[in-house]
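Asker: Per the numbering used here, the very first residue in the sequence shown carries number 1054; after that it's consecutive.
For the record, the hints were derived by calculation from the structure and aren't laboratory data.
Where hints are given, some of them may not hold.
[Unchecked claim] Quick list of simulated restraints, FRET-style, between CB atoms: (1) Glu1101 - Gly1065: 25 to 33 Å; (2) Asn1056 - Arg1099: 13 to 21 Å; (3) Ile1059 - Ser1116: 16 to 24 Å; (4) Asp1069 - Glu1105: 28 to 36 Å; (5) Gly1117 - Val1094: 13 to 21 Å.
Idealized CB from N, CA, C, for every residue including glycine.
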Amino acid sequence: MINLGIFKSKAGKSYDCHFVPDEKIAQAVGPLPERVGTRGVVFETRSESEEEARQKISAAIESGALK
1054 MINLGIFKSK AGKSYDCHFV PDEKIAQAVG PLPERVGTRG VVFETRSESE
1104 EEARQKISAA IESGALK
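Generate coordinates for the entire structure from the input sequences, incorporating the hints supplied.
Answerer: So, in C-alpha cells, the structure goes:
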C-alpha cells in the first residue's frame, strides 16, 4: 500500500488516501477524524499507477463525490 496523503474536500473534510498496486485500486478513507472506532473506505476505483490514483481521487473530490 502506498500512502498518497491527506486530501481535503471542498466541504473541508479530510480523507486519508492510498494506492494498492497489487490490487490496482485507489482508496479514500474517512472523513478524518472519525469519532470512535475504525474509518471506512468511502471511495474506491481501479487505478493502474500511483499517479492515476492521485488523479482519480482528486477528480472525485472536485466533482463533489467526496463531501
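Asker: If a hint holds in the structure, say so; if it does not, say that too.
Answerer: These are the hints, each one checked on the structure:
1. Glu1101 - Gly1065: 25 to 33 Å: Roughly 30 Å apart at Cβ, these two residues keep to the hinted range, so it holds.
2. Asn1056 - Arg1099: 13 to 21 Å: 19 Å, holds
3. Ile1059 - Ser1116: 16 to 24 Å: Because 19 Å falls inside the window, the suggested range holds.
4. Asp1069 - Glu1105: 28 to 36 Å: With Cβ atoms ~18 Å apart, the hint is violated.
5. Gly1117 - Val1094: 13 to 21 Å: Given about 18 Å between the Cβ atoms, the range holds.
Hint violations for this structure: number 4 only, all remaining hints satisfied.
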